[in-house]
Amino acid sequence: MDLRYSESDEKFRAELRAWLAEAVPAFGPPPGIHDWAARRLYDTGWQQKLFEAGYAGINWPREFGGRDLSATEQLVYYEEIARAGAPYIGVNFVGLLHGGPTLIAEGSAEQKARHLPRILRGEEVWCQGFSEPSAGSDLAALQTRAVRDGDDYVVSGHKIWCSFGPVADFGEFLVRTDPDAPKHRGISWLILPMDLPGIEIRPLPTLMGESDFSEVFLDNVRVPARNRVGAENDGWRITNVTLRFERGTAFASEMINLQQTLAKLTAFAKRVTSDGVRAWDDADLRRRLGHLAAELDALWAMVKLSVCEAEAAGIPGVGASAVKLFYTELNQRINEVGMRLLGRAGLCRDEIEDMPNALIAGRSLQSLSLTIAAGTSQIQRNIISERILGLPREPRPTAEKAKPA
Amino acid sequence: MDLRYSESDEKFRAELRAWLAEAVPAFGPPPGIHDWAARRLYDTGWQQKLFEAGYAGINWPREFGGRDLSATEQLVYYEEIARAGAPYIGVNFVGLLHGGPTLIAEGSAEQKARHLPRILRGEEVWCQGFSEPSAGSDLAALQTRAVRDGDDYVVSGHKIWCSFGPVADFGEFLVRTDPDAPKHRGISWLILPMDLPGIEIRPLPTLMGESDFSEVFLDNVRVPARNRVGAENDGWRITNVTLRFERGTAFASEMINLQQTLAKLTAFAKRVTSDGVRAWDDADLRRRLGHLAAELDALWAMVKLSVCEAEAAGIPGVGASAVKLFYTELNQRINEVGMRLLGRAGLCRDEIEDMPNALIAGRSLQSLSLTIAAGTSQIQRNIISERILGLPREPRPTAEKAKPA
Amino acid sequence: MNFQISEDQRALQEGVRSFCEGRLPDERLAELAEGGGFDRALWKDLAELGVFSLRRAQAEGGLGLGFCESVLVFAELGRRAAPGPLAWSQLAVSLIDGVAEGEVVVGGLDLTGGAALGPHLLEHLDHVDVLLVMDDAGLRRLDPNAIEARPVEVPLDPLTPLHRADSLPEGEWLAGPDEAARLRIEGAALLSGQLLGIAETTLLMAVAFAKEREQFGRPIGGFQALKHLMADMFVRQEVARSAVYAAGATLDDPLVGSAPRAVSAAKLVASEAALANAHACIQIHGGMGFTWEVPAHYFLKRARVLECCFGGSSEHADESARHLAERAEALVAARA
Amino acid sequence: MNFQISEDQRALQEGVRSFCEGRLPDERLAELAEGGGFDRALWKDLAELGVFSLRRAQAEGGLGLGFCESVLVFAELGRRAAPGPLAWSQLAVSLIDGVAEGEVVVGGLDLTGGAALGPHLLEHLDHVDVLLVMDDAGLRRLDPNAIEARPVEVPLDPLTPLHRADSLPEGEWLAGPDEAARLRIEGAALLSGQLLGIAETTLLMAVAFAKEREQFGRPIGGFQALKHLMADMFVRQEVARSAVYAAGATLDDPLVGSAPRAVSAAKLVASEAALANAHACIQIHGGMGFTWEVPAHYFLKRARVLECCFGGSSEHADESARHLAERAEALVAARA
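Protein chains in written order, with my numbering: chain A, 1 to 405; chain B, 1 to 405; chain C, 1 to 336; chain D, 1 to 336.
Simulated from the structure, these hints should not be mistaken for lab results.
Note that CB positions come from ideal geometry on N, CA and C, so glycine has one too.
A few of these clues could be false.
Claimed, not checked - With beta-carbon atoms standing in for the labels, derived distance ranges:
hint, chain 1, residue 1, chain 2, residue 2, range
1, B, Glu-15, C, Arg-322, 28 to 38 Å
2, D, Ala-334, A, Glu-353, 13 to 23 Å
3, A, Asn-240, D, Gly-176, 53 to 63 Å
Unchecked claim - Part of the chain D face toward chain C, derived, beta carbon under 10 Å:
hint, residue
4, Phe-223
5, Ala-225
6, Lys-227
Claimed, not checked - Here are the simulated lysine to aspartate or glutamate pairs, EDC-like style, with alpha carbons at most 20 Å apart:
hint, chain 1, residue 1, chain 2, residue 2
7, D, Lys-44, D, Asp-129
8, B, Lys-270, B, Asp-284
9, A, Lys-112, A, Asp-68
10, D, Lys-211, B, Glu-394
11, A, Lys-270, A, Glu-336
12, A, Lys-49, A, Glu-79
13, A, Lys-264, D, Glu-326
14, A, Lys-264, D, Asp-318
15, B, Lys-264, C, Glu-326
16, A, Lys-112, A, Asp-169
17, A, Lys-270, B, Asp-284
18, A, Lys-11, A, Glu-22
19, A, Lys-270, B, Asp-282
20, B, Lys-264, B, Asp-350
21, B, Lys-270, C, Asp-318
22, A, Lys-264, D, Glu-329
23, A, Lys-270, D, Asp-318
24, B, Lys-264, B, Glu-79
25, C, Lys-44, C, Glu-21
26, B, Lys-49, B, Glu-79
27, C, Lys-211, A, Glu-394
28, B, Lys-264, C, Glu-329
29, B, Lys-264, C, Asp-318
30, A, Lys-270, D, Glu-329
31, A, Lys-270, A, Asp-354
32, D, Lys-211, B, Asp-138
33, C, Lys-211, B, Glu-386
34, B, Lys-270, A, Asp-282
35, A, Lys-270, A, Asp-281
36, B, Lys-270, C, Glu-329
37, A, Lys-264, A, Asp-281
38, A, Lys-264, A, Asp-354
39, C, Lys-211, B, Glu-394
Could you put together the complete structure from these sequences and hints?
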């Protein structure tokens, strides 16, 4: 139960902090959210800089360009990146945070050599093609078909919630390779080159008014069979590896951002007055913020505990569901208090001088996705109650076949 | 959408208020909670006084000694009783609030004539024998057997949560008269004289440290068949009538008590100081209390709406589940804020001068039963989602037979 | 006392409901969001329905109805997220000519208790003919064209366009503080009606979706966790309904209680019901709930706009606490 | 950094766990509740286990361990609702002779920030040999026999007997305000451990009951609404565990952060977890949960006692807010 970072951790921190202090201000502000080409250029440009300075793939193997450092150094990395206000991971999200880690764990030597260095260097952008219109919480019900034809799979189907679709080079795609097997047993995990003929990408605007997500229509797309990760029909197991990464460590930097958000709200509350009374002097608001800060501290301790346990065990545990559940609902509660504090200013998403209104109003909308994506809060509660507490599984009234009724 | 009480309502209120102003102070304080004989005497004594003054059975038929007044006059009655701090309904609870109303709706002429006047006059105390150790939320799974033998039923079984068992003259008991029928179809509703041979009553102490509840063991108890209310095996339908009364109007006077509790907490908060700061000047606490007061006002409006709807329709609606659910959880939240306000004083259940500590500490424990008794909050949510919102019913994996596996 | 909706009230409610459903289907909301968030033709037709003249005496061409009817009508407007400064215009009907007929659109800004930090945020400035400003000193009338303001590019609610202005001209004084305070309470009651409508419509949407959408081989509405979420939505809706109707009845008949108390309770619980139900509606829709296409977000965003107008939740909690304190003092006095 | 429990710590935890399970089964709690809420033989054995001398240097006969180990041990004590002034006695080990050996039982009263209204409520007065009183001026030692007090007939927690006293003698000053403030933070950390134990044990009880108890032909633990209630209990437990361990680690190594901040966070979230889990445990037990026989109520009542000692939740929320304000100022300063 030791929380002190090692000397080498602290040395790593000092070097990184010094580098960020120069690199971040020099890198300039991000482009507008609707300019996809510029966003790709900006996000991958920052990734390139990280790579050149030796700060890409902190815990990835050296042979692919990573640093092969410990999980605690990874935490130090997240802390410093957030502290410096460095550019957001952006379009590199899928490749760096779950596609890449899945390849490291399950990919072939060729797949690793082909993709991992390019992901780290910001040369390859990935998207995710897991969900389908009829396969959301019930992901294993996916219907996108992949029929083997010689050295290829011929893939047809309809994917949804494909993040960064318009700028992605590759996608992690789940397809059904055996429609007659029980639904969890006929799935394969494919690396899909996004420039193949037969792929159509349509933006899917979110309630933010943005189109970070797309629908992807696949019409007889020929994908080389060597792009399959793992064995044919073993894709569900691999998916669970991906999801563990997605639910486990992927949120760490967002949590630190959230600590900063809370500090910004507090600075604002200490300044803002109504009738000459500082918002901060209102015990109701002040204690709500203090309470949220305590919960955020507890959350960060929870992350440290699960990172240390995962490092001992090798993979993120199912406890990741508890972290994800608590983090996502806490995020919503923080934004809710923020909106309460802002009052009418929260109705304006344009920046107002000296106010965090645009930040909070945007985040309060964005945070609605957190309890849905990567497994809804309801799904996380099922996982906790069934796999951790050992309570009876949900009754499955239908035969577990993949074919639609 | 008219909230104004009629002139006759107001006339009734004025008379009742005047009578209570004399009668309540004259009646003296209640006995200790462990002295059952004295409690029966006190509670039925008050009921007798009410009867003599013409204030028993406000909405019961005249022929049985009731006043046959409207549901709104019934509300006026609750308001004034609570306002005057009149004795609690106590041991008369089951007879007046659900046993009696069930007889009015479903009993035979003989049963009504036999019991209703005596209940109103405080001469007959009733208890409830519905739940069993294995039949709680799943009440229809009850196993207490009643075998017809000539003009009698021979009843054997084990009931639990029998309130006021030690002092009851009669009980409303559910028994299984057809063990081979589907579980909802083999139940009958019996009036059980509590002095019959073969009945053993054992106290079941609650977490309050009180024994308001008992277990009742029935060993070949011979009950005359004429004590059955309604047709044989039609007891489940009658039970639902009883439960509607239990969930619907039975809480009205408790709600008014709760308003008084909140006012007492407020008076206390305005007086109590820590470091010279009044608790009431703490925006956190003050707004919590204000918010609870608003919710209580909304609850009381909800009761008025459902009373008026029930009067139009003839029976309390399933909406009673919404009232019960909201009321019981609000009650717990009010006591929680009360405990927070009291701090260490809430650890003492003895009266402390000028403090509501004994009241709140006791109520905060008592309130734990509210979300369990008369159908747990989970059961109420099932009822609302299935019967009001029309969502699919819970899957019933076992055959709906009454026989235990 | 008969707190049920009367037959006439039911007929009015149903009329407005079918009008709003016909004129504001989901696709229309999307068009309005694209097109600036206002529909003058709809406004005129709402005026013709009597939305603004509901409470005006029949002798003056109004419907001679009260707040009971107004909150019912505003609930219907809320159910379809009808855009525009509806409450301000109804409040202004006896102050400004042409409002009843829908020819003059009146918007407003509430500065009671002091302005919020930052610039003034003016709703629907491009669409209003008169802007009312309410503060602790009273009520003023401003000419929208005389205000120096620039449009907000991204308002939270796409159906409530905003302008920002650093200062406002004084305008013409219409009423003093008492009248302003009264109008503010009345406005809060109307908004509570709209918020109730949002709580209702988001529950309806959630239930309809949950019955339809299948996962794991059955409708998701059969999963107990979602059933209980929706049961809680129903309870919030009913709590809000009861409080909002009581606010209407109390405003119409001061003998039955304190209108400010009833209105604060209604605004508080209706805001909560609208926000929580809209959020739950999005959650139940899953990924689709996070799209622009599913209209749940319009209702959440509108709920936020309505929550912080004519007194936010903290303010109404304080107001409820003030009334509670009065009762507590009465209780103490009664004992002494 | 290795935040996991070490092997030695695990062994200590398991040792104390099996001791407490053996000595404090449910029936024993019921007996203790009948018999005044204290067990001197148990107390001596706890002393022998090292509960009070855990943090004392080995040279002075202690175990030479720290707060990490102490919060683990106190969680085990909390899991079985072990009675007595455990935290006060561990805090007093280097101040009062005989505590380490369990021969002298030290209780206490925290008056920091001013006394609560009403009489002083003294815990376990009949069982303590020394009473410590902590206030803003420092720490005093009182002779329990010198206090004029009368027993409370019905304490909320039957395992925490109370006396009420209108005033206290001054006693003997042991330490000044700084030392008292330090002890208060340390005490809050120990109580957080006990509260974590309550959150754990009530979850275990709920899960075991829900797997066993059948209604509607299947274990009630298969109903999704109850599964989700218990999933939320698990999350609260894990949040509390992380914060409590972090408080222990931070007290042991000031270089890793601010101990007052870590302790306030731990006390807040552990209080919430204990109260909410104990309540949920009773709810899941249904009618049986409301009986004296099912021991869930002991844990809820104890959680209430612990919640309001060494700073209640409001106070720790204020303390957390103070630390947050410091960070906010640092953020503003860094930008300027």
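Checked hints:
Taking the beta carbon of each, Glu-15 (chain B) and Arg-322 (chain C) are about 33 Å apart, inside 28 to 38 Å as hinted. The hinted range of 13 to 23 Å is satisfied by Ala-334 (chain D) and Glu-353 (chain A), whose Cβ atoms lie roughly 19 Å apart. As the Cβ distance of Asn-240 (chain A) to Gly-176 (chain D) is approximately 58 Å, the hint placing it in 53 to 63 Å holds. Annotation: interface hint on Phe-223 (chain D) holds; nearest CB of chain C at approximately 6 Å, less than 10 Å.
Hint status for Ala-225 (chain D) relative to chain C: holds, with the closest Cβ pair at about 5 Å, below 10 Å. Interface restraint check for Lys-227 (chain D): the shortest CB-CB distance to chain C comes to about 8 Å, inside 10 Å, so the restraint holds. Taken as a hint, the Lys-44 (chain D) and Asp-129 (chain D) pair is honoured in the structure, with Cα atoms around 14 Å apart against an allowance of 20 Å. A threshold of 20 Å between alpha carbons decides the hint, and for Lys-270 (chain B) with Asp-284 (chain B) the separation of about 14 Å falls inside it, so the pair holds.
Our distance criterion of 20 Å between C-alpha atoms is met by Lys-112 (chain A) and Asp-68 (chain A), whose separation comes to about 15 Å. For the suggested pair Lys-211 (chain D) and Glu-394 (chain B), the alpha carbons sit about 18 Å apart, so the restraint of at most 20 Å is met. Restraint check: the Cα-Cα separation between Lys-270 (chain A) and Glu-336 (chain A) comes to about 18 Å, which is no more than 20 Å; the hinted pair holds. For a cut-off of 20 Å, the pair hint linking Lys-49 (chain A) to Glu-79 (chain A) stands: about 18 Å separates their Cα positions.
About 12 Å separates the Cα atoms of Lys-264 (chain A) and Glu-326 (chain D), which keeps this hinted pair within 20 Å; it holds. Pair hint Lys-264 (chain A) plus Asp-318 (chain D) holds up; C-alpha atoms about 18 Å apart against a cutoff of 20 Å. Restraint check: the Cα-Cα separation between Lys-264 (chain B) and Glu-326 (chain C) comes to about 12 Å, which is no more than 20 Å; the hinted pair holds. The suggested pairing of Lys-112 (chain A) with Asp-169 (chain A) holds, with an alpha-carbon distance near 16 Å, which does not exceed 20 Å.
The straight-line distance between the Cα atoms of Lys-270 (chain A) and Asp-284 (chain B) is roughly 17 Å, inside the 20 Å bound, and the hint therefore holds. With a CA separation close to 17 Å, the supplied pair Lys-11 (chain A) and Glu-22 (chain A) stays within the 20 Å bound. As the CA atoms of Lys-270 (chain A) and Asp-282 (chain B) are separated by approximately 18 Å, the hinted pair is consistent with the 20 Å bound. The hinted pair formed by Lys-264 (chain B) and Asp-350 (chain B) meets the criterion: a straight-line CA distance of about 17 Å does not exceed 20 Å.
The suggested pairing of Lys-270 (chain B) with Asp-318 (chain C) holds, with an alpha-carbon distance near 14 Å, which does not exceed 20 Å. At most 20 Å may separate the alpha-carbon atoms for a hinted pair to count; Lys-264 (chain A) and Glu-329 (chain D) meet this at roughly 9 Å. Distance restraint check for Lys-270 (chain A) and Asp-318 (chain D): the Cα-Cα separation of roughly 14 Å lies within the 20 Å cut-off, and the hinted pair is therefore satisfied. For a cut-off of 20 Å, the pair hint linking Lys-264 (chain B) to Glu-79 (chain B) stands: about 17 Å separates their Cα positions.
Under the criterion of a C-alpha separation no larger than 20 Å, the hint pairing Lys-44 (chain C) with Glu-21 (chain C) is consistent with the structure, at around 16 Å. For the proposed pair Lys-49 (chain B) and Glu-79 (chain B), the alpha carbon gap of about 18 Å is at most 20 Å, so the pair holds. Between the alpha carbons of Lys-211 (chain C) and Glu-394 (chain A) the distance comes to roughly 18 Å, so the proposed pair stays at or under 20 Å and holds. For the hint linking Lys-264 (chain B) to Glu-329 (chain C), the alpha-carbon distance of about 9 Å falls within 20 Å, and the restraint holds.
Taking the CA atoms of Lys-264 (chain B) and Asp-318 (chain C), the gap is near 18 Å; set against the 20 Å cutoff, the hint holds. Under the criterion of a C-alpha separation no larger than 20 Å, the hint pairing Lys-270 (chain A) with Glu-329 (chain D) is consistent with the structure, at around 9 Å. For the given pair, Lys-270 (chain A) sits about 12 Å from Asp-354 (chain A) by alpha-carbon distance, which is consistent with the 20 Å threshold. For the hint linking Lys-211 (chain D) to Asp-138 (chain B), the alpha-carbon distance of about 16 Å falls within 20 Å, and the restraint holds.
A threshold of 20 Å between alpha carbons decides the hint, and for Lys-211 (chain C) with Glu-386 (chain B) the separation of about 11 Å falls inside it, so the pair holds. Taking the CA atoms of Lys-270 (chain B) and Asp-282 (chain A), the gap is about 18 Å. The hint holds against a cut of 20 Å. For the hint pairing Lys-270 (chain A) with Asp-281 (chain A), the CA-to-CA distance comes to about 8 Å; that is within 20 Å, so the pair holds. Between Lys-270 (chain B) and Glu-329 (chain C), the direct Cα distance comes to roughly 9 Å. Compliance with the 20 Å bound is thereby established for this hinted pair.
Between Lys-264 (chain A) and Asp-281 (chain A) the alpha-carbon distance is near 16 Å, which keeps this suggested pair within the 20 Å criterion. The straight-line distance between the Cα atoms of Lys-264 (chain A) and Asp-354 (chain A) is roughly 10 Å, inside the 20 Å bound, and the hint therefore holds. For the given pair, Lys-211 (chain C) sits about 14 Å from Glu-394 (chain B) by alpha-carbon distance, which is consistent with the 20 Å threshold.
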